Amino acid sequence: MRIEIPEIAVVALIGASGSGKSTFARRYFKPTEVLSSDFFRALISDDENNQQATPQAFETLYYVAGKRLERGLLTVIDATNVQKEARGAVLRLAKEQNCQAAAIVLDMPERLCRERNGNRPDRNFDGYVITRQTEQLRRSIKHLHKEGFRYVYVLKSEEEAADVEIVRAPLWNNKKAETGPFDIIGDVHGCYDELCVLLQKLGYAVDKDRCAAAPPEGRKAVFLGDLCDRGPHNIETLRLVMGMVQSGAAYCVAGNHDVKLLKKLRGGQTQLTHGLDKTVEQMSAQSEVFVAEVIAFLDHLISHYVLDGGRLVVAHAGLKEKYQGRGSGRVRDFCLYGDTTGETDEYGLPVRLPWANEYRGKATVVYGHTPTPEVEAVNNTFCIDTGCVFGGKLTAFRYPERETVQAEAAREYYPPVRPFHDKSAANDDVLNIDDVLGERYLTTRLRRSVKINAENSAAALEVMSRFAADPHWLIYLPPTMSPCETSKLPDYLEYPTEAFDYYKTRGVGQVVCEQKHMGSRAVIVLCRDADAAARRFKMNDGSLGIIYTRTGRRFFDGAETENALLARLRAALAGSGFWSDFHTDWVCMDTELMPWSAKARRLLEEQYAPAGRSGGLGLAAAVDAIGKASAALGGGVRAAQAGAGQGVDQGIDLSALLERYQARASALDLYTEAYRRYCWDVRSVDDYRIAPFHILATEGKTWSGENHMWHMETVLRYIIGSDPVFMKTDHLLVDLSDANSAARGVEWWERLTAAGGEGMVVKPRDFIAMRGAELLQPAVKCRGREYLRIIYGPEYMLDGNLERLKKRSLSRKSHLALSEFALGMESLERFARGEPLYRVHECVFGVLALESEPVDPRL
Amino acid sequence: MLLTITYTGRNTTDLGYLLYKNPYRPQAFELSYGKAYVFYPEISDERTTAALLLDIDPVGLARGRAGSSGGGLFDYVNDRPYVSSSFMSTAISRVFGTAMTGRADSRQALSDSALDLTAAVTMLPCRGEREKLDRVFEPLGYEVRYETFVSDGNFPGWGDSPYVNLTVSGKVRLRDLLKHLYVLIPVFDRQKHYWVGGDEVEKLLRMGENWLPGHPEKAYITGRYLKRRRTLVNMAFERLTAANAADGEVLAGEGLTDDVLTDGAPEGEALAGEMLSDGAPSADVLAGEMPSGGAPVAESPVTEAPDAADRAGRKPNLNARRLDGVVAALKSCGAKRVIDIGCGEGHLLSLLVKERQFTEIVGADVSHAALERASGKLKLEHAGDSMRERVRLIQGSLTYKDARFAGYDAACVVEVVEHLDLPRLAAFERVLFEFAKPPVVILTTPNREYNARYERLYDGDLRHSDHRFEWTRAEFRDWAARTADRFGYAARFSEIGETDETYGAPTQMGVFTQCE
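Residue numbers (our numbering), protein chains in the order written: chain A, 1 to 859; chain B, 1 to 516.
Keep in mind the hints are simulated off the structure, nothing from the lab.
Only a predicted model underlies this, so the values are computations on that prediction, with no experimental measurement involved.
Take the hints with a grain of salt, since some may be wrong.
As the list claims (entries may be wrong) - Derived pair list, reagent style EDC-like, types lysine to aspartate or glutamate, alpha-carbon separation capped at 16 Å: (1) B/K35 to A/D799; (2) B/K35 to A/D653; (3) A/K781 to A/D501.
Stated by the list, open to error - Coverage of chain A stretches by chain B, computed from C-beta distances (three or more under 8 Å per stretch; other residues unrestricted): (4) 433-443; (5) 598-611.
Even for Gly, the Cβ is constructed at its ideal location relative to N, Cα and C.
One chain only, chain A, in its complex shape (with noise of 0.2 Å):
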């Protein structure tokens, strides 16, 4: 027998004890398609057979029925089901996921499931159980279909049941290998002159008189539905879209008028408000065979459709991602008529909720059906009914394309029955907590998947709450970067060989050494007037732009710096051709801001001052005591007079111990001017230095396909040179292969180390460089000797201390370093594409959890 069932379905197994229904499960579905109630007996009672257990095995079987339902799998239920109770509950699951359920009846001859029984030691069912169950079982089967089965199959011995093909069948709606390209058009209305334009706009051969359309190669039309009532042309309007139906150049899903207008075809008692009069009035002069035509036209169409292996879904009123590629009455309902309460409102038309508020889906949803001045995009979701026949446009939306190609109304057919509503204050802009907090793994395009660990997103929840600027501007957070690996020389930590080897054993041919410049790392988003921070960042408070650190805050606590170093930086790139050349009105960069002491005088102040003063003075004091000391002992002679004391010790040397605390009195120097070079007073503005080293992105475009060298070269071109705040990076290109120019690289950094450089960042030539499928550290720091005392600390060169500072473990760095920066691009492609906030804003939320990690904070 040929079994069809829905791909998305609940599968009821229905039979007596012994009918074989187990066995019937495993041969036609997979295990974990299968849930039975012996083993969910078994599973919370260790007892497959413990009857008591059986109301608790339901509850926990269904739940896990709903899960896998929810995740659009099919589902077996392998109990007796003979009961219309039982049943009941199946049919509940149903309906409650929106899916449909099949009924498979084991109807076997008693003796059968006798004999099976009696086979099995630790079954010792009374026989009255068995004729019991099939006397049920026979008295349900005529009733399955009224129960709500939509599919019901009965097999009634053991060789058909063992001669069974199932079929799973796509559901009507499943057009996932349809790729489109599509033409999703919005609602017509019978705005015929309107449809012509547009469909001639889209570059579709219109022959208007004849009604009939025919798309560019490769390109269907996908029509949203409502293409009746109110307007002038409802006669062409059907005319055309059903021939564009009929030769497969065109889907249409049902709109709410379009059922309407189906009901009244077919003799139904409907009031003639809203416009349907029109229509019908038109009808009436038509002949019955194209009554009958449009009749079956409307009663074929179905609810919505999900396209382009699902990324695609085209629904008349919306369709939230739960009832995407479902079917049942509720889901047709919510695409017919959005998501209402049955509430009216004061012009007497239904409250609809904003489903799209929420949406958090993955496939783009296009519908129409609630009339809007433009059209209204929200998270991923986007209405077309751009108003046609109300005096608006008939709107096109361009897949995958995401372009809006319109055709103005001629004029107002339909007076609004309320105006359009601007929902200029769109939801849409508050996040929601549940797209931050706990374990969450993030899809990027470098690498697969990021996972974030609760205890980190609760960490950043609170950063991100309380210190960080309005999420709007905060577009990317910058990858922490890991050190080279540690240097073999005995004098040094890091050097430049390590760095250049890690690039070197990967593949990478060139790489670009850029020096280090000690202040902080500051990210600038920069608009170029008021209208780009309202249209692209949601500022509608003038602010033009940001300067803000690596945790997302506000780089300076008042407005009236950053609006100068902005203004400056403004000015520089209109100076300079930046927006013209790159075809944007906003843009994002990576920096360092100097002086370093300007954002960490704190850290200065309380630790880094105290640190050095204090080892001044304490080893000064430390010196000059053991120096009185050994000359109170006759020139550093150990003394051996007999003395008071039971020295339990051996005496010490203190000429040695003066050596040694003056050795630590120059460390101590040397350190306090270290921190020293990386500080000056800022006056005024004027003592800022910014050293921009990323184009990160500009208007519907990322710049990390560009190398290095060229955002070098940019940065210099574009805003170097006519304003001294902003200043150069030194850089050299390096060949790993060449040796001669590998010695020029060490060479290079040594000399910029010695003058008190911070040191360089060796990137690969590549802004994102792979070797195979794996993502390469997009950058490692090699560190100078003499700034590495402000990191491990005064005297971290005495005394051996090298050696055990040498015993570090960079992997977890380099770990989060890569997370970090397949967040940080994804958040900006994701901007740069126009994705919802909340999609960028859990990659940057992201980054600031993962830098919660307990990490050495001296890598």
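Chain A is fixed; fit chain B onto it per the hints.
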């Protein structure tokens, strides 16, 4: 790192006998964190100086002792190796232990008499309270001198360093001088390198038995020595009081002011809290942008216990009055199921729990640490099922829409909004009034006008370092009215605390009621 003790008089080399350290034989002692050296920079009949020099291993401090599982407690860049701190106290007791007992086999009479002694403590960290140096040492009979230093000569703007070179001289017994130093060095430094546990009380009482009970600054000394751990301080005080009561003195509760006990720091977190958070992130990590010390983080993020300024002069604790006001408002609106958004350490929750009217109480805060403290305060870990069903804590944020905030009869937002940056207020308004939309919202915030009454606040200062703004009464009412109007609420206002004719009361409260 260096302590010298100078004895002036005749036959001063006898100092060697008292200290049990031969002046002619420099010695080294192994200590857990490094070494200590004893040598004599001056040796003469009329003046002999002994030096105790510490040699603390800076890398060891940062990385943890070899073989120990945990990391170190300190940053690599740290003053610990160079200052006189609790390390010095440990060294004193280790190296001069016998001298501290007063035993001196060959010079017992000398040991029992008061001598002309001068102690010089090099690099004593003394954060902000130098006047206390005199008030602590002078009552013990010392002449006190100290030298101060700028933080960095190249950057005068950075102000003074926290260190002094302290010299105290007086006519004292050597053992007393050593004990004074042993107790008082950590009192000024305020950081201890070891866990402050119950045995510290014993140590303090033993070292201070002769002088601490009668010391006018004993509350200060005790509090600081025990790192303001309230339970320990109370223990010590009871014992000190008992000792004195026997002498007929009355001490009850004297000096046990909030000033000593709650510096805004969380209780019971001596080492972990203060020392670890002081291990400030290095330049590489955060470039100084995270709060490095305990300041905003250690402090209850939303409801600072007693306002810093409140402590300055208010009589009945303003915080208590504020919370009482909120509870009263909640009770009068008939709410049964309530949520405290920004509950902090649970000050309000612990009051709500006592009221039978409230059948469900939820505390939400953005800080996980605060919630843990709240859980401890409410003893939720050990509570029975019905208590745990009635009281729950959740982590949430005022700027993220949160389904868990919805469905309560009333929401309290006590001293919270002023911790939000003004531009983020828009998100908060929607999260609370549009999405959570409880029938009643009770919101309190400082009245900025009243700041004029706080002596320690200068023009424009806010009451708390984490306040992003404070509103005048007009500003608050304006905001509240607009917000109420926008989201369909009606707002009523009242004031909490002593009312000043000109400036109003310190706290203002708005009660928002959803319109039918």
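Taking the hints in turn, this is what the structure says about them:
1. With a CA separation close to 14 Å, the supplied pair B/K35 and A/D799 stays within the 16 Å bound.
2. At roughly 14 Å between alpha-carbon atoms, B/K35 and A/D653 fall within 16 Å of each other, so this suggested pair holds.
3. The hinted pair formed by A/K781 and A/D501 meets the criterion: a straight-line CA distance of about 13 Å does not exceed 16 Å.
4. Check result for the stretch 433-443 of chain A against chain B: holds, 5 residues qualifying (beta carbon to beta carbon below 8 Å, three or more required).
5. Counting residues of the stretch 598-611 of chain A whose C-beta lies closer than 8 Å to any C-beta of chain B gives 13; at least three are required, and the coverage claim holds.
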